[in-house]
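Since the structure of chain A is already known, use the hints to place chain B on it.
Quick note, the sequences are listed as chains A and B, same order. Just so you know, we're using numbering that gives the first Met the number 0 here: the first sequence kicks off at 0 and counts up by one. Just so you know, we're using numbering that gives the first Met the number 0 here: the second sequence kicks off at 0 and counts up by one.
One thing to keep in mind: the hints can contain errors.
For lysine to aspartate or glutamate, the following EDC-like pairs were computed, each having C-alpha atoms within a straight-line distance of at most 20 Å [what the hints assert, rightly or not]:
(1) B/Lys-521 <-> A/Asp-538
(2) B/Lys-541 <-> A/Asp-525
(3) A/Lys-367 <-> B/Asp-534
(4) A/Lys-127 <-> A/Asp-388
(5) A/Lys-347 <-> B/Asp-538
(6) B/Lys-521 <-> B/Asp-538
(7) A/Lys-541 <-> A/Asp-388
(8) B/Lys-367 <-> A/Asp-542
(9) A/Lys-236 <-> A/Asp-195
(10) B/Lys-347 <-> A/Glu-370
(11) A/Lys-541 <-> B/Glu-514
(12) A/Lys-521 <-> B/Asp-534
(13) A/Lys-285 <-> A/Asp-23
(14) B/Lys-541 <-> A/Glu-514
Don't read these hints as lab results, they were simulated from the structure. Every value quoted in this text rests on a predicted model; they were computed, and no experiment measured them.
Chain residues, written in single-letter form:
2 protein chains.
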Amino acid sequence: MSKYAIGLDYGTNSVRSVIVDTADGRELGSAVFNYPHGDMGVVIDPKDPNVARQHPADYLEGIEITITEALKQAGEGVAENVVGIGVDTTGSTPIPVDAAGEALALQNEFAENPNAMGWLWKDHTSYKEATEITEAAKAQHPEYLAKCGGTYSSEWFWAKLLKCARTDRAVFDAAASWVELADWIPAILTGTTALDRVKRCICAAGHKAMFNPAWGGYPAADFIASFDDGVLSNVRKSLPDTSVNISDTVGTLTAEWAEKLGLPAGIPVAGGAFDAHLGGVGSGIKPGTMVKVIGTSTCDLAVAPMGNELADIPGVCGVVPESILPGCHGIEAGQSAVGDIFNWFVHKVQPGGGVDHGQLNDEAANLKPGESGLLALDWNNGNRTILVDQQLTGLVMGLTLHSSPGEIFRALVEATAFGARMIRDRMAEYGVPIERVINCGGIAIKSPLLMQIYADVLNCPMLVSASEQTCALGSAMAGAVVGGVHPDFDAAVDAMTGIREKQYIPIPGNAAVYERLFVLYKRLHDLFGTEEYADNQFDVMKDLIAIREEQR
Amino acid sequence: MSKYAIGLDYGTNSVRSVIVDTADGRELGSAVFNYPHGDMGVVIDPKDPNVARQHPADYLEGIEITITEALKQAGEGVAENVVGIGVDTTGSTPIPVDAAGEALALQNEFAENPNAMGWLWKDHTSYKEATEITEAAKAQHPEYLAKCGGTYSSEWFWAKLLKCARTDRAVFDAAASWVELADWIPAILTGTTALDRVKRCICAAGHKAMFNPAWGGYPAADFIASFDDGVLSNVRKSLPDTSVNISDTVGTLTAEWAEKLGLPAGIPVAGGAFDAHLGGVGSGIKPGTMVKVIGTSTCDLAVAPMGNELADIPGVCGVVPESILPGCHGIEAGQSAVGDIFNWFVHKVQPGGGVDHGQLNDEAANLKPGESGLLALDWNNGNRTILVDQQLTGLVMGLTLHSSPGEIFRALVEATAFGARMIRDRMAEYGVPIERVINCGGIAIKSPLLMQIYADVLNCPMLVSASEQTCALGSAMAGAVVGGVHPDFDAAVDAMTGIREKQYIPIPGNAAVYERLFVLYKRLHDLFGTEEYADNQFDVMKDLIAIREEQR
Chain A
0 MSKYAIGLDY GTNSVRSVIV DTADGRELGS AVFNYPHGDM GVVIDPKDPN
50 VARQHPADYL EGIEITITEA LKQAGEGVAE NVVGIGVDTT GSTPIPVDAA
100 GEALALQNEF AENPNAMGWL WKDHTSYKEA TEITEAAKAQ HPEYLAKCGG
150 TYSSEWFWAK LLKCARTDRA VFDAAASWVE LADWIPAILT GTTALDRVKR
200 CICAAGHKAM FNPAWGGYPA ADFIASFDDG VLSNVRKSLP DTSVNISDTV
250 GTLTAEWAEK LGLPAGIPVA GGAFDAHLGG VGSGIKPGTM VKVIGTSTCD
300 LAVAPMGNEL ADIPGVCGVV PESILPGCHG IEAGQSAVGD IFNWFVHKVQ
350 PGGGVDHGQL NDEAANLKPG ESGLLALDWN NGNRTILVDQ QLTGLVMGLT
400 LHSSPGEIFR ALVEATAFGA RMIRDRMAEY GVPIERVINC GGIAIKSPLL
450 MQIYADVLNC PMLVSASEQT CALGSAMAGA VVGGVHPDFD AAVDAMTGIR
500 EKQYIPIPGN AAVYERLFVL YKRLHDLFGT EEYADNQFDV MKDLIAIREE
550 QR
Chain B
0 MSKYAIGLDY GTNSVRSVIV DTADGRELGS AVFNYPHGDM GVVIDPKDPN
50 VARQHPADYL EGIEITITEA LKQAGEGVAE NVVGIGVDTT GSTPIPVDAA
100 GEALALQNEF AENPNAMGWL WKDHTSYKEA TEITEAAKAQ HPEYLAKCGG
150 TYSSEWFWAK LLKCARTDRA VFDAAASWVE LADWIPAILT GTTALDRVKR
200 CICAAGHKAM FNPAWGGYPA ADFIASFDDG VLSNVRKSLP DTSVNISDTV
250 GTLTAEWAEK LGLPAGIPVA GGAFDAHLGG VGSGIKPGTM VKVIGTSTCD
300 LAVAPMGNEL ADIPGVCGVV PESILPGCHG IEAGQSAVGD IFNWFVHKVQ
350 PGGGVDHGQL NDEAANLKPG ESGLLALDWN NGNRTILVDQ QLTGLVMGLT
400 LHSSPGEIFR ALVEATAFGA RMIRDRMAEY GVPIERVINC GGIAIKSPLL
450 MQIYADVLNC PMLVSASEQT CALGSAMAGA VVGGVHPDFD AAVDAMTGIR
500 EKQYIPIPGN AAVYERLFVL YKRLHDLFGT EEYADNQFDV MKDLIAIREE
550 QR
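The shape of chain A in the complex, shown without the other chains (with noise of 0.2 Å):
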């Protein structure tokens, strides 16, 4: 008798439901609602470009429009089958709750009002009280930091909370506590929203907001205590010392969400997490086998079994203990901008009176490497991992009065696969080697010059997961795993995952041709982004961001 299982995946502007066979993974309906408040779904403030807001009715709306959609797809017989649901979210995206744990933005008092919707993951509102918590962690409690890449960032929890007490007092009293959205569905669905009784997921929690069992959870109180006068102490005593993970199970489907749904009452959520992780999940991550979620910007997932002793690793955004796989810790590092480096090339620059990807891809794929002469620094969008530095900018050198659009946007492929290679050699010198690379992914699927291209440099073979749907393949994953299917994540992934056929081995010549371009890039790396030699140029890119702002 066949099992299935739910994957419910939030993403910026819309929701997906899948129905997955727990067998062997297999996709049998999918479904995806768009969120109908705000531009594509965003809450947006047309006078300040950082306002990104979603209203907490679309996401509950999407559930039973997605689910039911896919069952219908998957045909008779599944629903009844069901064995149980996971939940995978944006974050950090904190709603402000009543002691029901209701999001304030369905109470009519504060149905229109911004502050009182979820705060989207890419809301950078906060970048004021962000700079003042990395601060006061930074004299306080580097310990904090040392475990997100060592600055506080404006996306993330707490710096939204305390945003939100500057501005909006309003509704920051009424907010009993802040629910990410990774807990709030799952806590929905199994009626477990009330703040004694709502989990926090690791995931969440561990990447965003300063919780690890080696201070016993969340930041001490007094630190926290420390922002105005101890806006925020009332929301830290609301949050829990402990927090589950993908493997736990929040609560059972309550009878109301079965019946709406068409579902067995009682099946097991499990813990939530973030679309990225559990796209590592979807896309087989193991130890030794790194995740990249390649997009506009990437993320990159990796896993280290929690028996030996890690390191923090510098520059890399997030080490938490079970954020990804139960039993494992969970890294998370990335690049600030790859798919957003081609999409600037093709349609801001628009090279070659106006041609789109497809012939600059064919242009570069008659290239060999180094051919160009061309060497570029991936940084258009500042530098994520390892640097941690947005005040870093692109560079393209090299140039000739021949250079054409094709081998400048060969050079911007190969300078995302050299960041890329930072990264993966940064996490192998901290103890967290990398055999093989999966890739999932809009570009992954589409270009094999690209996949190529990482191949060659990481010196590395590059596979392509098979779903094109990782995060909601993952959640799906953890549904099947709290409802008993599989043991564990790894019997999971073993049934549920897959690679595609078509697999991108190091070309040996362009390896070797990489390696040297490497060594340069390295250097230009070094030397604009750090402050590690005597001659070091690392106020160049500052300056001229300085005289930029000025002249603005």
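Only chain B this time, still in chain A's reference frame:
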């Protein structure tokens, strides 16, 4: 009674004659003749892109056609009042001649042989010979190189002769000597082509054939004899120990030419010079006034009174007594690419979906200095002055995901301005202060944006020459001086040259920002272009080129 002078201006694709009023430089007539041989006047070799020759017959045919047409335009009463003729040409463009001074290509035996034609300035077939001459001079006579920027070029006299001796012995042996085009035309007009009569101008001899009064003229006979068992010794013996400048009369117009042209017989013909040098004269060069001829590349000209001792100026293309103005050191510098960089961006990169110069210019003009955050190096075609290094390449830094074609275009214009400032500063540092700059060439007239940026970056007024044909005007001024209308070039400059009403005065706010950006430009310049620093990155661009050449 008005007096007139004729300027004959031999360019790369055509020859121009102008008739000007010696009282005010006003142009009364002008005519152009496109050389009929080869590809736009240049005889090329499809198998070797380094070949660039010109048929001497074209030079001769152009004299009669252009002067008679220009005289016709000038109207009645002009021809009989022409008092002198001046000549400028491209160079180094040596022509193999027989003992009578007849070009070998004018003889049936060699009429179709490119090696018997003029070896046009941009012929690079002798690149190996140039390296050999540089090495030999470094070892035996470093003083020869100190006057020509430290490297003997494949564009120059001796390298071309040695190449001919090695590849076409029939032509080489048939040549009694080689005469620069700048010397051959005045000799033709005055019937002084015979080897014991033909005058050699200091401009060509000094800048391209290592002639300098300091060591008694052309290079020592034993130095010249050191190549290929003395194959060049006979040519060396054919050369005089003295030279002429543009205030010298090389002879008077022959009766035959006078009749053909409709001019008075016996009028004086001035010593020749290169086009850029006479362009400097036609623009009004004086001590303290630099002339920039801005085209695909630039030629920067300055003069310093000969009474003062002038140190060698490192990295400057040439310092030759009286090569521009009699009584002054002539100093030639230049940038390997200026208009060519803009043309590369517009026509090769084709940004903005294929917009033209004008649209990019408009977008760039709306920006403030520094506003884009971009900084570029103007080395897409290497660096002629002050680094004298073809193995350098262009660079753009400060790129973001929002960098636009107009921003990049402006950064490229600014880069050429910073490069221009390096040259100006180098001259000032070595005792040739520049108080104002007169610009000529199409870009100077057509781009107010570029002129204002140059004014702001150099923090120095940018003036634009009134004449659009400064080379031809400078030649005519030489005709006026040898014709006795003006006692010297000071007087000729005052009477016959002018600047446009529109002047570009530095804007203090802009200049202040560019002062800061120039500091950054100079750091990159020194970092990648010199070995001055312990942690210099001099080899990065070299390594990229080495890998490029291996992979091609």
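For A/Lys-367 and B/Asp-534, compute the direct alpha-carbon distance and say whether it is at most 20 Å. violated (30 Å)
CA of B/Lys-347 to CA of A/Glu-370, is that 20 Å or under? holds (17 Å)
Is the hinted pair A/Lys-541 and B/Glu-514 satisfied, with a Cα-Cα distance of at most 20 Å? holds (16 Å)
For A/Lys-236 and A/Asp-195, compute the direct alpha-carbon distance and say whether it is at most 20 Å. Holds. A/Lys-236 to A/Asp-195 sits at ~11 Å (cutoff 20 Å).
Decide if the proposed pair is consistent with the structure: A/Lys-285 and A/Asp-23, CA atoms, cutoff 20 Å inclusive. Distance of about 18 Å is within 20 Å: holds.
Checking one constraint from the list: CA of A/Lys-347 to CA of B/Asp-538, max 20 Å. Satisfied? violated (32 Å)
Hint consistency between A/Lys-541 and A/Asp-388 [alpha-carbon to alpha-carbon, up to 20 Å]: OK: A/Lys-541 and A/Asp-388 at ~10 Å, within 20 Å.
Do the alpha carbons of B/Lys-541 and A/Asp-525 lie within 20 Å of each other, as the hint requires? holds (19 Å)
Can you confirm whether the C-alpha distance between B/Lys-521 and B/Asp-538 stays at or below 20 Å? holds (17 Å)
For the pair supplied as a hint, B/Lys-367 and A/Asp-542, is the alpha-carbon distance within the 20 Å limit? Holds - the C-alpha atoms of A/Asp-542 and B/Lys-367 are around 16 Å apart, at most 20 Å.
Hey, B/Lys-541 versus A/Glu-514, does the alpha-carbon distance stay inside 20 Å? holds (16 Å)
Next pair to validate is B/Lys-521 with A/Asp-538; report whether the Cα-Cα distance is within 20 Å. Distance of about 14 Å is within 20 Å: holds.
Comparing the model with each earlier hint shows violations of hints 3 and 5; every other hint is respected.
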